[in-house]
Amino acid sequence: MTQDPKQFSDEELKKLLSEIHVPEPDENEKLAALNLAQSRFQEITQKNKNSHQGSAKPSRLTDVIKHNIQKLTGATNMKTSYKVAGGLAIGALAFSLLTTTGLYDSIRPTQNELVEAQSTADQAAVSAGLSEQKADFSIASERPAPPPVPAMVVSAPPPPPAPNAVAKYVAKPETRSMEMAAGAAPQAMMNRSADMAVGSSIAIAPYDPYMQPVQEENRDQFENVKDNAIKLVKEEPVSTFSIDVDTAAYSVVRRSLMNGVLPPKDAVRIEEMVNYFDYDYEVPVDKAVPFKPTVALYQTPWNANTQLLHIGIKGHELPKDAVKPKSNLVFLLDVSGSMNSPDKLPLLKNAFRMLVDTLGAEDTVSIVTYAGNAGVVLEPTAASDKSKIFAALESLQPGGGTAGGEGIRQAYELAERSFKKDGVNRVLLATDGDFNVGINDPEQLKDFIERKRDTGVYLSILGFGRGNYNDALMQKLAQNGNGNAAYIDTLNEARKVLVDEASSTLYPIAGDVKIQVEFNPAAVAEYRLIGYETRMLNREDFNNDKVDAGDIGAGHTVTALYEITSVGSKAKLVDDLRYAEAAKTEEKPAATEPVANPDEIGFVKLRYKLPGESESQLITRAVTKADETTQLSDDVRFAAAVAGFGQLLRNDTYTQNYTFDDVLTLAQGAKGADEFGYRAEFINLVRLARTAQDQQALQNGVYSIPR
Amino acid sequence: MSELTDAELIQRAKAGDSNAFRTLMDRHYLLMYKVAYKFCGHKEDAQDVAQEACIKVAEKLHGFKGESAFTSWLYQIVLNCARDLFRRNGAERARESAFVQDVALHRSTHDAHQEEHAMQAEALQRFAALSEDLKSAVLLVASEGMSHKEAGKVLGVAESTVSWRIMKAKQILAGGQP
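Each protein sequence line maps, in turn, to chains X and Z.
Here the working numbering is used: position 478 in the first sequence is 478, and no number is missing along the way.
Here the working numbering is used: position 18 in the second sequence is 18, and no number is missing along the way.
Just so you know, the hints here were simulated from the structure itself, not pulled from any lab data.
Hints are not guaranteed to be accurate.
Claimed, not checked - With a cut-off of at most 16 Å between alpha-carbon atoms, the simulated EDC-like pairs for lysine to aspartate or glutamate come out as follows:
(1) X:LYS15 with Z:GLU144
(2) X:LYS15 with Z:GLU122
(3) X:LYS47 with Z:GLU122
Claimed, not checked - Restraint ranges, calculated between C-beta atoms of paired labels, are given here:
(4) Z:ALA158 with X:ASP280: 44 to 52 Å
(5) X:GLU675 with Z:GLU3: 25 to 33 Å
(6) X:ARG353 with Z:GLU3: 35 to 43 Å
(7) Z:ALA118 with X:ALA382: 54 to 62 Å
(8) X:PRO284 with Z:GLU122: 56 to 64 Å
(9) X:HIS21 with Z:ALA158: 29 to 37 Å
Nothing here was measured: the structure is a model prediction, and the numbers come from that model.
We treat Cβ as the ideally placed atom computed from N, Cα and C, and that holds for glycine.
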């Protein structure tokens, strides 16, 4: 104990605390808190009552409505548990960074010291006393199973109010308010539904215009994507596509669901959702080969009569102790007026600060901005000069229009000027996607990026913000610039993309990766590739090394799923032709098809180029009956759950009676180690989707009457 | 309904009257929020804590026996929620406590008391950085005016432990080594 005689008196202590100026709480926050608490209170009261009466089933219509409202209040629990998951995720991340990479040693020493210095006796005394009240986060699963919701039209919903929705709990005060979006928006809808449904009898809150979802014009642009159709193996036995390691769609979907609404159909790119997660696929022993396909064949979760052909590849990880390739990074930052919102420029600054922290002394960073006039803010600077880089980042102010085209030109010029021959040269473009000055013809921009591809400079696109987000253009640019695209909605996501997965985001190990699958008509009647709609290639493109395709970074995983219907299955959707020789072929398939091995279901071919090479390599793998399995790993089942979820969000017609609850069950059982809490977050998103769907049902006046 | 006492509202709420519950929460929301603010130093966090505490009260009210004062019970719940949040968010946020910045801002406009304000800002910064236990104790005693004994009940520790913590906090706030 210290011998320091200095000590506050009681009066001084009182005075000090009275000096703390407590700002008024927001009226809306208070209302939300009261609403949530009252709903929860009703739920608890109801549960107590039910347990006395021994029945949890609502009977009359008013009860049904009440029941539905209670179901909606699940948002309460969900929100809370999301926070927990988020918190854990950040915690885990921070921990792993501290321990494994040692990159963050400059962070928060003071607080650690404080914690260390705490009296241990003191600690023990309190943990005994105070920890009895433990949060109960398992309520969601205790609630009675919701009555089945009839199939309904899930049209693209209007955007929610969510002013500057960005997840909070991410270190900086200005990056908060997703919380409001997640909590208040569904609540608001709930109030409206409640009022609408039963008038004032169970009015939960007085009408409050601020709590209404504002019908704000949604100017986010998504490419209209049509689902990959069912193909007949007899007519089109070969399927060819480029891999896609982007994850932007998942973040966009998450953002929408956190706001309590189902995402627009076109925002849901299933392959990007599946590929958001890391799967532990096998990597080849031979380091010269960047990856090998992992194949599994199993019963489709949403259709007992079809199978999923699961193709997964995982790129070699950079060895932990390996010297990372030197990086020459050019930040091309959008500082136009439209970026003036907490979830855009401030989040962007924080994200890049984190990235710079991970760089080594020999890496260089330059910064180019565009807004009105494009300009070089920071000439190529060694990453060891962090203070200079941070100061440059800090000086950025939003304002002006977006001269994106000119900015891109300057960025590439800088990248070429400080080109590192054996290193990674990459332009990181951060924008909300509004290129309204300069070359604003997307085609022209695309051409430019395509031409620059050959210089060896890669392009990464980081999307920010909502309301103005041009997803389609971002995708096009990334696809044409040997790049990847991610959507950053939270600092947590920034960490995932720029720090945790920096090696896959920044260090390519193979380029132009294409997959071609040939199905055996003797075994498979129909197939359908789930997702990859925007990545389809022509059959002849596979062997044409001039045709561009997706790149894969160190440690990246890519998963593709085909739903296949075997010959003779009753799940076939297309009838055989009456006048063709269909009947004949089906009776004696082996006789007409030159198949060497009738046990084969199909043949998977992979093409890739090693970095810097122009000639592609080939990997092949036959899919046989031996790949059929019922012993599925967590990874495989989880990927299937995500694919199912994506299809439900897209309102696909192939999922039959599959529901969000089914996704939930499958995903919950396949969480695995989930080191960073990503899968736990997914599970919460499924719950949110279920709630959002129920709300739409209520709003549309479609009540689900339990049987 | 607002003319009813806490005890009457609790009674009605326990009988299933959710409006009585709402009135009760409405009445005490500010108190909960203020304690949370002083603990967290952030308006947003404080609002979150207050919200979680409200929900927690909804879940626990049926089990509230009335053995302690209702407000003491509320303090306990709020502090628990605040500590949970504190742990989840890590210490990072606490360092940049908003009220410390408030004081800094305040200072620049009142140059006459510059010296005094600088000291205060420093002390507040130290307060924001206190360990959860010390901070809880200081809050209850110095800010909410509880006796060491009452604070001990809320925190679930002995009176003497509270006294020890207050003394410790006084030293740290005055610039002594923790």
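Hints and how they fare:
no.: 1; hint: X:LYS15 with Z:GLU144; result: holds, 12 Å
no.: 2; hint: X:LYS15 with Z:GLU122; result: holds, 14 Å
no.: 3; hint: X:LYS47 with Z:GLU122; result: violated, 50 Å
no.: 4; hint: Z:ALA158 with X:ASP280: 44 to 52 Å; result: holds, 51 Å
no.: 5; hint: X:GLU675 with Z:GLU3: 25 to 33 Å; result: violated, 55 Å
no.: 6; hint: X:ARG353 with Z:GLU3: 35 to 43 Å; result: violated, 54 Å
no.: 7; hint: Z:ALA118 with X:ALA382: 54 to 62 Å; result: violated, 37 Å
no.: 8; hint: X:PRO284 with Z:GLU122: 56 to 64 Å; result: holds, 59 Å
no.: 9; hint: X:HIS21 with Z:ALA158: 29 to 37 Å; result: holds, 33 Å
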